[in-house]
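Protein chains in written order, with the UniProt record's numbering: chain A, 1 to 332; chain B, 1 to 332; chain C, 1 to 332; chain D, 1 to 332.
Check before you lean on any hint, since a few could be wrong.
No copy is singled out in the list; a pair is fine if it fits within one copy or between any two copies.
Below are the DSS-like pairs computed for lysine-lysine, each with C-alpha atoms no more than 27 Å apart in a straight line [said to hold, decoys possible]:
| hint | residue 1 | residue 2 |
| --- | --- | --- |
| 1 | K21 | K148 |
| 2 | K249 | K148 |
| 3 | K21 | K261 |
| 4 | K47 | K261 |
| 5 | K161 | K327 |
| 6 | K78 | K98 |
| 7 | K153 | K328 |
| 8 | K153 | K327 |
| 9 | K328 | K161 |
| 10 | K47 | K327 |
| 11 | K98 | K249 |
| 12 | K148 | K78 |
| 13 | K328 | K148 |
Hints in this document: simulated from the structure, not taken from any laboratory.
There are 4 protein chains.
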Amino acid sequence: MDHEAWLTNSIMARRAVAGGKPGSRHSLSVEAQGQFHYVYGPYVDPKMTIDPGDIVVVETEDAFGGVIQSEQDSPTAKLNFPFLNPQSGPIYVNGAEKGDCLAVHIHAVETRGAQPAGTTCIMPEFGGLVGTGATALLNPPLPERVRKMHVDKDGVRWSDKIVLPYEPFIGTIGVSPEIEAVSSLQPDYHGGNMDLPDVAPGAIIYLPVHTPGGYLYVGDCHAAQGDGELSGVAVEQRATVTLHVDLIKGWSFAWPRLETKDFIMTIGSARPLEDAARIAYRELTRWMAADYGFDEIDAYMLLSQAGRIRLGNMVDPKYTMGASILKKYLVG
Amino acid sequence: MDHEAWLTNSIMARRAVAGGKPGSRHSLSVEAQGQFHYVYGPYVDPKMTIDPGDIVVVETEDAFGGVIQSEQDSPTAKLNFPFLNPQSGPIYVNGAEKGDCLAVHIHAVETRGAQPAGTTCIMPEFGGLVGTGATALLNPPLPERVRKMHVDKDGVRWSDKIVLPYEPFIGTIGVSPEIEAVSSLQPDYHGGNMDLPDVAPGAIIYLPVHTPGGYLYVGDCHAAQGDGELSGVAVEQRATVTLHVDLIKGWSFAWPRLETKDFIMTIGSARPLEDAARIAYRELTRWMAADYGFDEIDAYMLLSQAGRIRLGNMVDPKYTMGASILKKYLVG
Amino acid sequence: MDHEAWLTNSIMARRAVAGGKPGSRHSLSVEAQGQFHYVYGPYVDPKMTIDPGDIVVVETEDAFGGVIQSEQDSPTAKLNFPFLNPQSGPIYVNGAEKGDCLAVHIHAVETRGAQPAGTTCIMPEFGGLVGTGATALLNPPLPERVRKMHVDKDGVRWSDKIVLPYEPFIGTIGVSPEIEAVSSLQPDYHGGNMDLPDVAPGAIIYLPVHTPGGYLYVGDCHAAQGDGELSGVAVEQRATVTLHVDLIKGWSFAWPRLETKDFIMTIGSARPLEDAARIAYRELTRWMAADYGFDEIDAYMLLSQAGRIRLGNMVDPKYTMGASILKKYLVG
Amino acid sequence: MDHEAWLTNSIMARRAVAGGKPGSRHSLSVEAQGQFHYVYGPYVDPKMTIDPGDIVVVETEDAFGGVIQSEQDSPTAKLNFPFLNPQSGPIYVNGAEKGDCLAVHIHAVETRGAQPAGTTCIMPEFGGLVGTGATALLNPPLPERVRKMHVDKDGVRWSDKIVLPYEPFIGTIGVSPEIEAVSSLQPDYHGGNMDLPDVAPGAIIYLPVHTPGGYLYVGDCHAAQGDGELSGVAVEQRATVTLHVDLIKGWSFAWPRLETKDFIMTIGSARPLEDAARIAYRELTRWMAADYGFDEIDAYMLLSQAGRIRLGNMVDPKYTMGASILKKYLVG
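Could you put the whole structure together from the sequences, leaning on the hints where they help?
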């Protein structure tokens with residue numbers, strides 16, 4: 001994946017300290033991690049320190065910390081709020097300072113652990129088509145339900161009849177805010193629980209740095225997910241994640257950005273959902289104006305014809321959307 | 001297009017009165033239309049009466065009624081609210097009654113009129129990244145701007161450097177409500193100004209009937225549009241629209257539905273945007289439960305992994321989203 | 001009430017055609033009304049024609065059309081959507097044209113009909129703390145429940161222990177849109193189902209005219225209501241409403257306004273709720289700038305310290321808020 | 001104020017460890033505070049430790065940290081995000097544990113410091129009637145503007161013509177979350193930047209404890225504020241705040257609650273605004289059911305007639321509303 005031609009012309013290759021070239025390889029195993037984290041914040045010591053360009057292989061837990069082990073398990077009985085969505089890291093990147101940007105090229109997200117490796121479930125007061133703690137209603141909840149699935153690179157065995165493609169991605173990734181410690185359930189300007197399927201092997205995500213070393217966290221990998229993560233839960237899995245981490249000095253912006261072979265994307269998280277779309281599209285408008293020669297209003301008009309938007313989640317404390325435009329149109 | 005194999009197995013072919021087979025051919029030219037309509041309602045006489053299965057070729061106006069003719073035109077000076085988004089029709093379908101459903105297979109949407117045939121613009125207080133009449137703010141408006149483009153089946157000539165593919169669709173289509181007369185600027189349960197690019201040649205849209213004859217209206221064709229119709233305006237064009245209209249007796253539901261070769265889709269319109277997504281996904285959940293053998297909660301869980309959602313508009317009085325699932329997964 | 005001193009200095013007295021002085025008195029009884037209306041629109045003949053300054057005594061139906069007669073009645077069995085919230089009128093006001101404004105001074109709202117005259121209930125998919133047709137969820141509904149109450153001017157006998165004050169107001173009042181026919185369940189720029197308790201005896205409501213004669217409709221009186229009309233239903237009652245209707249030529253604005261002895265208010269209806277607040281407050285800012293000598297930004301800053309906002313409904317197709325400022329601060 | 005009769009029957013008096021009786025008196029001066037805090041979190045040492053029943057007199061900074069000193073100051077030049085809204089504390093309450101609740105009776109909020117002691121301003125991308133970082137738009141911003149005012153207990157001298165009553169309250173107060181460190185600009189389940197005028201002298205606020213000692217923070221006092229804090233800024237002031245802090249063991253709930261002589265209130269913070277209303281009203285429904293003998297659906301129906309809701313802010317990262325009911329109706 002990291003040898004694809006487009007990478008040599010990626011923003012990472014052109015602007016990052018190590019030029020997008022791979023450096024040393026590190027392993028952050030479950031054992032090395034020890035305790036996982038449940039907030040994205042600066043108030044802990046890093047688990048690992050790396051140089052720009054280094055590759056890190058991280059063993060992540062699933063969003064449930066692995067405690068939902070059978071279809072007979074009750075999520076509410078097993079889960080212990082707020083200790084949900086355990087995160088690996090933080091990883092300290094030498095030289096990263098506020099005003100810089102981490103470039104993280106995702107090499108691989110591989111299923112880890114015993115089968116059935118995939119888990120999804122229905123939990124009370126959580127999900128896109130039920131009342132929640134925020135959309136606080138008096139209706140009775142849905143019944144809890146757990147589904148365990150065999151997952152490997154050939155697919156997600158949803159049922160005897162339905163096999164979904166294995167389209168893995170990282171549900172939660174980001175850096176530390178400057179002074180806040182944000183729940184790993186929440187997506188925001190720092191990244192976090194965006195649940196956006198574009199954060200997948202092959203893509204490069206750009207994360208503006210707020211604190212020395214950046215403090216990269218990662219977790220919550222999904223084997224498959226629909227737009228919106230409708231029930232609040234994807235096909236959750238433990239994973240082995242391979243990340244190539246580089247550093248771009250003096251490049252900063254308000255929200256995470258993403259690049260693939262074909263498009264550039266900006267990611268916004270907010271409620272109501274239109275505000276997530278507005279953030280994502282405004283950031284894209286500004287990016288086109290700053291780096292691709294567009295007049296801002298022309299960029300706005302062009303996105304009205306050629307912009308694409310992907311719904312990540314419509315279930316987390318903030319909803320996430322990614323707005324994109326094909327690179328071939330970036331000729332303002 | 002209407003000879004594709006999948007059509008013989010479409011819902012239209014299996015359930016409609018004329019079995020999806022084409023009947024007589026009618027023409028609703030601009031001259032035959034005479035006055036256009038600016039509401040979807042039952043308070044006018046039909047312009048044409050057809051039988052189930054008939055094909056209608058409709059000449060539609062563009063959303064501006066054709067008055068923005070040069071890049072020097074001021075939209076605010078030329079446009080006369082509420083007489084915007086002129087609609088052709090209504091077409092009375094013999095036998096259609098409340099509780100039935102029109103099946104409209106879109107055969108073609110062809111650019112009509114002199115070049116430059118495509119128009120887009122920036123208008124004050126309208127669009128996804130500006131304050132509006134509803135998101136009522138004190139900020140100064142953006143300046144007005146008009147762009148006229150050559151459009152034909154080979155593409156939309158946005159600029160010397162950028163040619164967008166010609167991906168036409170019908171921005172506004174629907175039936176009459178039972179007693180309301182709804183502005184043609186608004187999408188809702190009756191269809192209307194959904195601005196959803198899936199309402200395109202090749203697709204079949206299913207519109208539940210609320211009033212005798214159904215009263216089908218159509219207008220506002222777009223040559224290209226991004227997700228969300230960000231600036232509020234797509235590449236607007238006059239068009240010749242070919243519709244194959246059939247009738248399904250005794251099939252009714254709350255919101256428009258759509259079928260293509262590969263997927264089924266439900267369409268919701270609401271504010272805030274998450275409510276559009278909720279409507280669309282709940283309708284899809286219920287459809288899967290009613291017609292495809294799924295337990296409702298299983299359908300909900302599967303959509304969390306395999307559902308897709310498309311943002312139509314984030315600019316109209318209600319925002320529109322279409323939720324879909326591939327037909328190959330409809331094996332509950 | 002109409003003899004209070006403040007009235008002689010009201011906008012109605014200072015600007016209206018009849019100077020706020022009462023003219024002829026008319027009666028629009030249930031018998032004279034005949035069929036009630038379920039949309040606010042121009043597509044019917046007026047039930048009565050009056051001159052500016054005339055007084056009209058209207059007998060209104062309750063929001064259920066009177067069909068919920070006992071606590072054993074099932075609302076879903078009795079009600080026939082969309083024939084809900086029957087409206088009296090329309091009343092044609094001689095001389096009213098687009099660009100003018102009706103001034104309606106509410107003299108009285110008196111309970112009408114046999115006891116128990118007050119009705120409230122729980123209906124499925126309707127209300128502020130349940131999933132609805134728009135906030136479309138999969139949760140099971142609440143059970144239906146009906147409560148009938150003795151209501152007179154001394155109070156609303158909620159239970160043996162609780163008597164609420166009789167604080168009547170008009171839930172639904174407004175004029176016809178120019179070309180739309182809007183469901184009487186919906187509030188919007190034309191007034192309609194605002195469910196705002198300030199629309200009460202003693203207040204003057206100002207309604208911009210969109211169609212010749214204005215076409216004043218009224219119905220849906222409440223004996224008492226909390227902020228938000230939380231369950232979707234107030235203490236609904238049949239009422240005798242006394243309205244003093246005058247006409248202000250050449251005064252127009254985007255949304256209804258209201259005046260009492262102590263304050264002026266602007267009314268906005270939208271979803272999400274913050275947009276209703278934005279509309280109301282922007283209209284108030286502009287009104288202060290246009291008529292009371294404030295710089296617009298100074299008005300905005302002052303409202304940040306002295307503005308008041310009342311939640312009308314958080315249950316109708318649009319939510320309604322009224323923003324107000326005390327007259328004593330209108331010295332910009 | 002603390003000698004009023006109702007207090008002896010308050011929840012604080014009936015349930016708290018010290019029975020609502022005043023203990024020792026402490027002073028947390030600006031000097032004792034030293035560094036202020038910009039997050040509500042557990043990752044710092046307490047500034048003071050007290051026993052249940054103790055009284056603390058706290059000197060608070062204004063929301064700008066005092067740096068806006070003249071009407072010629074530019075807020076954007078002077079302010080250093082995220083170091084806004086400095087908070088005093090945290091105060092450790094002996095015996096407080098997760099599952100308990102702090103009861104904080106507000107004795108006084110007195111203006112502190114040199115005149116003009118009141119400050120308000122317009123800042124770009126912040127406020128209820130402008131585009132913001134979340135409602136991200138392309139419109140140009142409003143110009144910055146600062147207003148300084150003489151403030152004392154006799155009033156807020158807005159201008160030569162307008163004097164607003166001195167109606168002080170605490171804009172930001174709360175406890176630490178369990179593991180999060182939340183920006184002091186944000187209101188949430190832990191309290192924080194609610195900007196709700198009911199949090200005023202005479203009221204008791206009840207804050208559920210999430211971490212040992214509770215960690216009470218306070219700051220951001222306002223001399224006056226309208227509903228919604230429309231421009232994003234109230235009449236900001238440095239203040240001397242007198243708090244009587246007690247502890248209720250084993251009483252916990254999801255969101256802050258408040259009690260006055262006449263009513264009980266529940267406070268919700270969320271976006272969109274209707275979710276803040278839903279949270280507040282659901283919490284109130286549940287409180288009425290848990291402690292006042294109501295069937296939950298009866299409580300819901302009664303609130304539909306007798307509930308009151310106050311808009312705190314419509315400008316912060318979450319919007320805040322307080323739902324209340326008069327104590328005289330709490331006879332379910």
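Between copies, within a copy, both or neither: which fits K98 and K249 at Cα up to 27 Å? within (9 Å within a copy, 43 Å between copies)
Classify it for me, K21 with K148: is the Cα-Cα distance of at most 27 Å met within a copy, between copies, both or neither? neither (39 Å within a copy, 45 Å between copies)
Checking an output row: K21 and K261, CA cutoff 27 Å. Within, between, both or neither? Answer is within; shortest intra-copy Cα gap is 17 Å, inter-copy 44 Å.
At 27 Å max between alpha carbons, let me know whether K328 reaches K148 within a copy, between copies, both or neither. For K328 and K148, only the inter-copy Cα distance (21 Å) is at most 27 Å; the intra-copy one is 42 Å.
First find the shortest C-alpha distance between K47 and K327 inside one copy, then the shortest across copies, and answer within, between, both or neither for a cut-off of 27 Å. neither (37 Å within a copy, 46 Å between copies)
Are the CA atoms of K148 and K78 at most 27 Å apart within a copy, between copies, both, or neither? Within. Shortest intra-copy distance 15 Å satisfies the 27 Å Cα cut-off; inter-copy 46 Å does not.
Copy assignment of K249 with K148, given that the CA separation must stay at most 27 Å: Close neither inside one copy (44 Å) nor across copies (41 Å); limit 27 Å.
Given a CA cutoff of 27 Å, do K47 and K261 count as a within-copy pair, a between-copy pair, both, or neither? Result: close neither inside a copy nor across copies, 32 Å intra and 51 Å inter.
Using 27 Å as the alpha-carbon threshold, which applies to K153 and K327: within, between, both, or neither? between (29 Å within a copy, 23 Å between copies)
Is it within a copy, between copies, both, or neither that the alpha carbon of K328 lies no farther than 27 Å from that of K161? The answer is between: 10 Å across copies meets 27 Å, while 39 Å in one copy does not.
Taking 27 Å as the upper bound on the Cα-Cα distance, should K78 and K98 be classified as within, between, both, or neither? Only across copies: K78 and K98 sit 20 Å apart there, 39 Å inside one copy, limit 27 Å.
Reference check for the pair K161 and K327, CA-CA at most 27 Å: within, between, both, or neither? Intra 38 Å, inter 13 Å, cutoff 27 Å: inter-copy only.
The structure does not agree with the numbered hints 1, 2, 4, 10 stated previously, though it agrees with the rest.
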